[in-house]
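Q: Assemble chain B onto chain A, guided by the hints.
Quick note, the sequences are listed as chains A and B, same order.
All residue numbers for the first sequence refer to this note's numbering, where the first residue is 1 and numbers rise by one.
All residue numbers for the second sequence refer to this note's numbering, where the first residue is 1 and numbers rise by one.
In case anyone wonders, no lab produced these hints; they're calculated from the structure.
Warning: the hint list may mix true and false statements.
Straight line, CA to CA, 30 angstroms or less: simulated BS3-like cross-link-like pairs of lysine-lysine [unchecked claim]: (1) B:K80 <-> A:K70; (2) A:K10 <-> A:K159; (3) A:K80 <-> A:K214; (4) A:K80 <-> B:K159; (5) B:K195 <-> B:K214; (6) B:K70 <-> B:K80.
Residues per chain, in single letters:
2 protein chains.
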Amino acid sequence: MCQLLGMSSKAPSNIAFSFEGFHRRGGSTGEHADGWGIAFFEEHTWRIFLDSQPSAVSRLARFVCDHPIKSRNVIAHIRKATQGEVHLANTHPFRRELWGQEWIFAHNGNLVTPPDCEGLRFQPVGTCDSEKAFCWLLSQIAQVFPQAPTENELAALLKQLAAHLTQSGSFNFLLGWCDLLFAHCSTELWYLIRKAPFSEAHLADADLSIDFSKVNTPDDCMAIIATQPLTRNENWHPFLPGELRIFRNGLPLSLPA
Amino acid sequence: MCQLLGMSSKAPSNIAFSFEGFHRRGGSTGEHADGWGIAFFEEHTWRIFLDSQPSAVSRLARFVCDHPIKSRNVIAHIRKATQGEVHLANTHPFRRELWGQEWIFAHNGNLVTPPDCEGLRFQPVGTCDSEKAFCWLLSQIAQVFPQAPTENELAALLKQLAAHLTQSGSFNFLLGWCDLLFAHCSTELWYLIRKAPFSEAHLADADLSIDFSKVNTPDDCMAIIATQPLTRNENWHPFLPGELRIFRNGLPLSLPA
Numbered sequence: 001m002c003q004l005l006g007m008s009s010k011a012p013s014n015i016a017f018s019f020e021g022f023h024r025r026g027g028s029t030g031e032h033a034d035g036w037g038i039a040f041f042e043e044h045t046w047r048i049f050l051d052s053q054p055s056a057v058s059r060l061a062r063f064v065c066d067h068p069i070k071s072r073n074v075i076a077h078i079r080k081a082t083q084g085e086v087h088l089a090n091t092h093p094f095r096r097e098l099w100g101q102e103w104i105f106a107h108n109g110n111l112v113t114p115p116d117c118e119g120l121r122f123q124p125v126g127t128c129d130s131e132k133a134f135c136w137l138l139s140q141i142a143q144v145f146p147q148a149p150t151e152n153e154l155a156a157l158l159k160q161l162a163a164h165l166t167q168s169g170s171f172n173f174l175l176g177w178c179d180l181l182f183a184h185c186s187t188e189l190w191y192l193i194r195k196a197p198f199s200e201a202h203l204a205d206a207d208l209s210i211d212f213s214k215v216n217t218p219d220d221c222m223a224i225i226a227t228q229p230l231t232r233n234e235n236w237h238p239f240l241p242g243e244l245r246i247f248r249n250g251l252p253l254s255l256p257a
Numbered sequence: 001m002c003q004l005l006g007m008s009s010k011a012p013s014n015i016a017f018s019f020e021g022f023h024r025r026g027g028s029t030g031e032h033a034d035g036w037g038i039a040f041f042e043e044h045t046w047r048i049f050l051d052s053q054p055s056a057v058s059r060l061a062r063f064v065c066d067h068p069i070k071s072r073n074v075i076a077h078i079r080k081a082t083q084g085e086v087h088l089a090n091t092h093p094f095r096r097e098l099w100g101q102e103w104i105f106a107h108n109g110n111l112v113t114p115p116d117c118e119g120l121r122f123q124p125v126g127t128c129d130s131e132k133a134f135c136w137l138l139s140q141i142a143q144v145f146p147q148a149p150t151e152n153e154l155a156a157l158l159k160q161l162a163a164h165l166t167q168s169g170s171f172n173f174l175l176g177w178c179d180l181l182f183a184h185c186s187t188e189l190w191y192l193i194r195k196a197p198f199s200e201a202h203l204a205d206a207d208l209s210i211d212f213s214k215v216n217t218p219d220d221c222m223a224i225i226a227t228q229p230l231t232r233n234e235n236w237h238p239f240l241p242g243e244l245r246i247f248r249n250g251l252p253l254s255l256p257a
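Bound conformation, chain A alone (with noise of 0.2 angstroms):
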């Protein structure tokens, strides 16, 4: 299986240090070392780095940790094939064109039965389910609405493709569209919000702490989404199986029953 990694921000922030342990374990601290890749959001687009190596020996990953970026919201994913082999179209995250707005997408689980593509609008260029079933999701987003709907229409929409989806088998997945983030929780995904006041965390990966308190200002607040804690001593909320929340400017937004 693989891992995720979500940041939404209220500021342009700097998701290095999460990104530092994350990607440990690509290869290192964990087993997945199938590729690995993330997306930044930069205002109408996203900037995606991709790499079939394992991340945690990457020079590319390398490159990312040493050059953050500061975005408002980031998508990160490291691989444990299950289906498909290791190969850059199947790494994560995936990103399709809709409306004219970009789609982020990356998965955790294994869809024992992917959903048929054929004939859809959006179809796999590689060959795993997580591509399967984005290119499914938004071609049934795009048939639904043929313009941009509101974020609460999408999300009851978002729930049920999910649901339908889950019955294959687990579908933990983020999706980023705009300045929105999409969790989706089947089997397991964690998040924490960081604001002020702001302590100190130490990573879960590697010997490596951070104080919050001298990077960040009162104002600032962010939403951190994992598949696991990526830090030892914060107040990591889980997800329930089936739940989905979205995010945008670092606080889960409300949605309506």
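A: Only chain B this time, still in chain A's reference frame:
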């Protein structure tokens, strides 16, 4: 105006020598300082690096030069903004998926009246004329061909569509699709074929030479396509205005009249 660089090669090959000279035109030996991008074909998908920084000073461009990637098809672009602000969303090459295959597009020129993409299948994320032209082209292709056509069928349509867009301004472009590289000239484009017997080449933009007989085998063959010749002592051929060429495995294909 911008500058284009393309490569089609029989064997996966390193474009570092050509890119070394080319990327200096982005703010050092040239005025094309409004972003750059490069896409490498890796069987089924493309690896893309984009930056809105001038390529001559971009740390990512330095990374690409220092960690050369072997590929059979490469499309690179350095931007001098004519329409659309300096922004990642306006940085070439652009990418879309059609029929489960990736399409990569870069443009040199200026379309005074860009095509209207409203309601089309593919819509621009940014604001520049080039992405609008790409979305319009690909939407027409998707409408005419519900499934992938032959390369000759595609070339015939592409020639018509390019002629139509050329009425609005200059429209030199490179288009990557699977293992094919389409190159269209409206005002200026050059190509050369490198094959045995290989000799030494000297970059026009830097005091740098390479002896291709030492880095290639006699079987190797590659085409380099560029807005302006990149070397001083090789046999560059100009495209004719209105000419569309398709390259595969380092050679131009013969097109039906």
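Q: Output the numbers, in ascending order, of every earlier hint that fails for this structure.
A: Per hint list: 3, 4 violated.
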